[in-house]
Amino acid sequence: MIAELGHFALVLGFIVSLLQTVVPMIGAAKRWPGWMRFSEPGANALFLLTAFSFAALTYAFVMSDFSVKLVWLNSHTDKPMLYKITGVWGNHEGSMLLWVLILTLFGAMAAWFGGGLPPTLKARILAVQGSITAAFIAFVLFTSNPFLRLDPAPLNGQDLNPLLQDPGLAFHPPFLYLGYVGLSMAFSFAVAALIEGRVDAAWGRWVRPWTLAAWVFLTVGIGLGSWWAYYELGWGGFWFWDPVENASFMPWLLAVALLHSSVVVEKRESLKSWTILLAIIAFGFSLLGAFITRSGIITSVHAFATDPERGVFLLLILGVFTGGALILYALRARVMEAKGVFGMVSRESALVLNNILLAVSAFIVFIGTMWPLFSEMFFDRKLSVGAPWFNASFTPLMILLGLALPLGAILPWKRGKLGRVAGKLKIAFVLAVAVGALTFAVQGDRSALGPVGLFLGAWLIAGAATDLLSRGRKGEKLARLGRLPRADWGKSVAHAGLGVTMMGISGLLAWEQEDIRVMVDGDSLELAGYTVRLDSVEEVQGPNYISTQATLTLLRSGAVISELTPEKRVYPVAGMPTTEAAIDIGFLRDIYIVIGDAQEGGGWAVRTYYKPLANWIWGGAILMALGGALSLSDRRYRVSVGARRRSEMSGGRVPAE
Amino acid sequence: MKRIVFLLVFLAAPLWAVQPDEVLNDPELEARARELSQDLRCLVCRNENIDDSNAELARDLRLLVRERLVAGDSDSEVIDFVVSRYGEYVLLTPRRGGSNIILYYAGPAMFIFALLAAGLYLRSRSSSRTVGREDLSEEEQAQLDEIMKD
Numbered sequence: 001m002i003a004e005l006g007h008f009a010l011v012l013g014f015i016v017s018l019l020q021t022v023v024p025m026i027g028a029a030k031r032w033p034g035w036m037r038f039s040e041p042g043a044n045a046l047f048l049l050t051a052f053s054f055a056a057l058t059y060a061f062v063m064s065d066f067s068v069k070l071v072w073l074n075s076h077t078d079k080p081m082l083y084k085i086t087g088v089w090g091n092h093e094g095s096m097l098l099w100v101l102i103l104t105l106f107g108a109m110a111a112w113f114g115g116g117l118p119p120t121l122k123a124r125i126l127a128v129q130g131s132i133t134a135a136f137i138a139f140v141l142f143t144s145n146p147f148l149r150l151d152p153a154p155l156n157g158q159d160l161n162p163l164l165q166d167p168g169l170a171f172h173p174p175f176l177y178l179g180y181v182g183l184s185m186a187f188s189f190a191v192a193a194l195i196e197g198r199v200d201a202a203w204g205r206w207v208r209p210w211t212l213a214a215w216v217f218l219t220v221g222i223g224l225g226s227w228w229a230y231y232e233l234g235w236g237g238f239w240f241w242d243p244v245e246n247a248s249f250m251p252w253l254l255a256v257a258l259l260h261s262s263v264v265v266e267k268r269e270s271l272k273s274w275t276i277l278l279a280i281i282a283f284g285f286s287l288l289g290a291f292i293t294r295s296g297i298i299t300s301v302h303a304f305a306t307d308p309e310r311g312v313f314l315l316l317i318l319g320v321f322t323g324g325a326l327i328l329y330a331l332r333a334r335v336m337e338a339k340g341v342f343g344m345v346s347r348e349s350a351l352v353l354n355n356i357l358l359a360v361s362a363f364i365v366f367i368g369t370m371w372p373l374f375s376e377m378f379f380d381r382k383l384s385v386g387a388p389w390f391n392a393s394f395t396p397l398m399i400l401l402g403l404a405l406p407l408g409a410i411l412p413w414k415r416g417k418l419g420r421v422a423g424k425l426k427i428a429f430v431l432a433v434a435v436g437a438l439t440f441a442v443q444g445d446r447s448a449l450g451p452v453g454l455f456l457g458a459w460l461i462a463g464a465a466t467d468l469l470s471r472g473r474k475g476e477k478l479a480r481l482g483r484l485p486r487a488d489w490g491k492s493v494a495h496a497g498l499g500v501t502m503m504g505i506s507g508l509l510a511w512e513q514e515d516i517r518v519m520v521d522g523d524s525l526e527l528a529g530y531t532v533r534l535d536s537v538e539e540v541q542g543p544n545y546i547s548t549q550a551t552l553t554l555l556r557s558g559a560v561i562s563e564l565t566p567e568k569r570v571y572p573v574a575g576m577p578t579t580e581a582a583i584d585i586g587f588l589r590d591i592y593i594v595i596g597d598a599q600e601g602g603g604w605a606v607r608t609y610y611k612p613l614a615n616w617i618w619g620g621a622i623l624m625a626l627g628g629a630l631s632l633s634d635r636r637y638r639v640s641v642g643a644r645r646r647s648e649m650s651g652g653r654v655p656a657e
Numbered sequence: 658m659k660r661i662v663f664l665l666v667f668l669a670a671p672l673w674a675v676q677p678d679e680v681l682n683d684p685e686l687e688a689r690a691r692e693l694s695q696d697l698r699c700l701v702c703r704n705e706n707i708d709d710s711n712a713e714l715a716r717d718l719r720l721l722v723r724e725r726l727v728a729g730d731s732d733s734e735v736i737d738f739v740v741s742r743y744g745e746y747v748l749l750t751p752r753r754g755g756s757n758i759i760l761y762y763a764g765p766a767m768f769i770f771a772l773l774a775a776g777l778y779l780r781s782r783s784s785s786r787t788v789g790r791e792d793l794s795e796e797e798q799a800q801l802d803e804i805m806k807d
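Those protein sequences? They're chains A and B, same order as listed. Quick note on this note's numbering: the first sequence kicks off at 1 and runs consecutively. Quick note on this note's numbering: the second sequence kicks off at 658 and runs consecutively.
Quick caveat, the hints were computed from the structure, so don't treat them as lab data. Please note that the accuracy of each hint is not assured.
[What the hints assert, rightly or not] Label pairs and their computed distance ranges (CB to CB):
| # | chain 1 | residue 1 | chain 2 | residue 2 | range |
| --- | --- | --- | --- | --- | --- |
| 1 | B | M767 | A | L331 | 19 to 27 Å |
| 2 | A | N44 | B | G776 | 44 to 52 Å |
| 3 | B | M767 | A | A559 | 49 to 57 Å |
| 4 | A | K417 | B | A766 | 31 to 39 Å |
[Claimed, not checked] Covered stretches of chain A (chain B as the covering partner; in silico rule of three or more C-beta atoms under 8 Å from a C-beta of chain B):
| # | stretch |
| --- | --- |
| 5 | 315-325 |
| 6 | 348-354 |
The beta-carbon is built from N, C-alpha and C at its ideal position, and this holds for glycine as well.
Start from the sequences and build out the full structure, keeping to the hints where you can.
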């Protein structure tokens with residue numbers, strides 16, 4: 001019964017979303033205030049209906065109602081409660097419902113906090129958001145209905161994929177969706193502005209918090225996914241340039257570009273047309289990501305998610321929204337002329353360079369991801385594009401970005417002098433070179449990866465610190481730091497976070513060491529100055545799995561550092577094995593141990609890795625997200641505050657009636 | 658969700674990546690084998706190199722590479738041998754010839770194009786004389802200033 005109500009709510013939501021698309025749009029065109037105001041209750045109703053629908057599905061999972069096919073496929077009575085709930089989105093249908101829920105949440109938030117927007121713009125934004133919602137609800141209802149029943153109801157379920165029964169992965173998808181879908185707000189703002197025919201500094205300010213929020217969520221989502229891959233997949237890889245990963249990385253890169261170009265719109269009323277284009281493309285890549293992931297078109301080697309009907313539907317959504325917006329852009333982009341005048345050496349130019357580097361990086365990831373498909377389609381040449389290609393093509397751009405960033409971040413608006421900026425950054429540069437040189441001297445081999453990576457990281461971190469310190473007049477610098485706007489702090493924290501991540505990646509890739517061997521109880525091995533001793537291996541019974549658990553002791557110069565217990569689990573219901581690596585986490589290094597199969601001649605395969613600076617990769621991601629959150633909390637972006645003051649001033653009336 | 662596909666691949670064959678019994682005694686040859694493995698894909702997996710893969714087929718390929726190395730092949734001979742058997746698909750770094758020039762040069766071409774376009778744009782901005790917000794009415798300008806004040 002509850003499931004049917006959920007289904008019904010979603011159908012109602014579909015009807016409301018259609019109205020939401022049409023009514024405010026007509027209202028804005030005709031300047032009918034009543035029709036425009038429809039958008040607010042419309043957005044709220046949409047959110048409530050999809051929230052109810054989502055709650056109904058969650059209820060079915062929590063209650064283990066196996067008469068619902070989706071629950072039967074993805075749940076089991078023995079599963080811990082946490083994973084019964086996360087199982088709701090651990091599958092295609094449920095995750096699409098979550099996607100729709102987030103779409104409507106963003107729409108509702110625009111209605112709640114968008115008081116400062118001009119009524120016509122607001123109505124149009126909500127209408128565009130409504131049209132996206134309509135498309136995705138239709139997708140769920142017609143191709144991926146989560147509420148289908150089974151008759152008779154099975155007694156127990158087939159269990160969620162055991163690898164998804166993990167906190168890191170459980171929360172990875174919701175964050176990613178918040179990011180993907182958050183970019184839909186930037187898209188709606190862009191399309192609404194095109195229809196409106198006006199983009200000004202205020203538009204830049206309004207669109208920024210949404211982009212910022214989407215980017216923060218994407219950062220957290222990608223970071224969680226990468227961290228999960230690191231500890232769960234059994235050899236400590238953190239990024240694979242897999243098409244599905246790239247699908248989330250391209251929108252991330254474009255969101256970074258969009259964040260920076262919208263600053264130029266806000267502060268200098270330039271780059272408007274480019275920013276609008278970027279907003280359209282960024283959401284287009286989110287949709288492309290959904291298409292790549294769900295259609296199985298690129299992952300055809302293992303036909304798992306392949307469903308032509310879904311693929312075609314998503315391609316249609318992608319084509320209609322991106323294509324439509326681009327046509328609109330081609331028709332209307334002329335009206336957005338740039339206002340600001342600035343010199344070749346200026347913050348504006350630096351941000352243009354930032355956008356070039358990020359957009360070209362995204363383009364390279366795009367080409368590499370799609371090339372196997374294009375090549376097979378057009379040249380009948382079946383090939384692969386893998387990590388080595390991506391590393392070789394992508395890294396140079398990131399090095400350029402890292403080199404230029406501290407300079408650009410500190411350049412003044414309008415017109416700057418490179419000499420003055422270089423003077424300010426002298427200490428930071430010397431420090432970074434010292435770090436690089438020291439690294440080269442210590443590492444003992446001739447590879448450039450480690451020293452260059454650590455130099456860049458130090459340069460970014462020191463540059464970010466210099467940026468903060470240079471804000472005040474001499475003598476009162478430190479006192480002023482606390483009073484700087486949070487957006488300034490956010491900027492420096494995020495830039496330093498990028499530096500930390502760069503250090504982590506290059507350190508890990510440059511100096512990782514591994515040891516693979518067969519061990520019996522009591523054996524020990526030496527790796528990178530550490531001693532690892534295998535004490536015992538035993539069978540352990542978990543709640544819904546059976547585990548082979550090894551106990552190892554990690555020592556350094558005779559002193560015990562920790563006891564590690566890597567496991568190999570088998571989930572009988574799903575019939576799947578998983579590896580649970582044991583990691584001794586340290587600030588400068590991780591020791592990562594995996595237990596393998598029993599060997600024929602006795603003993604166990606044990607793989608031990610020494611992973612320097614591993615945690616810096618995610619530490620940097622956390623800093624980046626934190627920087628974004630700090631900026632988001634800056635009072636300048638609390639849209640509603642500005643809104644209240646403005647409506648007092650203008651009496652809250654609707655203009656141009 | 659997005660990982661599920663990825664995961665199934667790992668689980669298809671519950672074997673291990675590089676096994677202790679595969680490792681060559683000669684550390685120099687083993688290092689070369691590892692280097693080569695980075696560029697060879699596991700044919701039944703998704704974008705995974707044979708070192709990281711748990712699949713049976715990847716193990717066969719790892720053994721094949723080591724066999725050729727022990728027999729005295731050079732790195733490029735090993736690669737050529739593997740490609741002749743399994744096709745270009747097995748390489749993670751595609752070869753540069755033929756239609757792949759698009760893959761290799763699209764990125765750099767785009768970069769140069771973007772730099773040129775940006776250069777032209779910046780030049781027009783630095784010499785432009787249009788200042789002011791002529792398309793805003795006074796009232797709108799006042800509203801805008803109010804919004805941008807804090």
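Cross-check of the supplied hints:
1. At about 25 Å, the CB distance of M767 of chain B to L331 of chain A agrees with the hint of 19 to 27 Å.
2. One distance hint, 44 to 52 Å for the beta-carbon pair N44 of chain A and G776 of chain B, holds here, with the actual separation near 48 Å.
3. Checked against the hint of 49 to 57 Å, the pair M767 of chain B and A559 of chain A passes, with Cβ atoms roughly 55 Å apart.
4. At roughly 33 Å, the beta-carbon separation of K417 of chain A and A766 of chain B lies within the given 31 to 39 Å, and the hint holds.
5. Figure legend: the stretch 315-325 of chain A, annotated as covered by chain B; annotation inconsistent (0 residues with Cβ-Cβ distances under 8 Å, at least 3 required).
6. Counting residues of the stretch 348-354 of chain A whose CB lies closer than 8 Å to any CB of chain B gives 4, so the stated coverage by that chain holds, three being the minimum.
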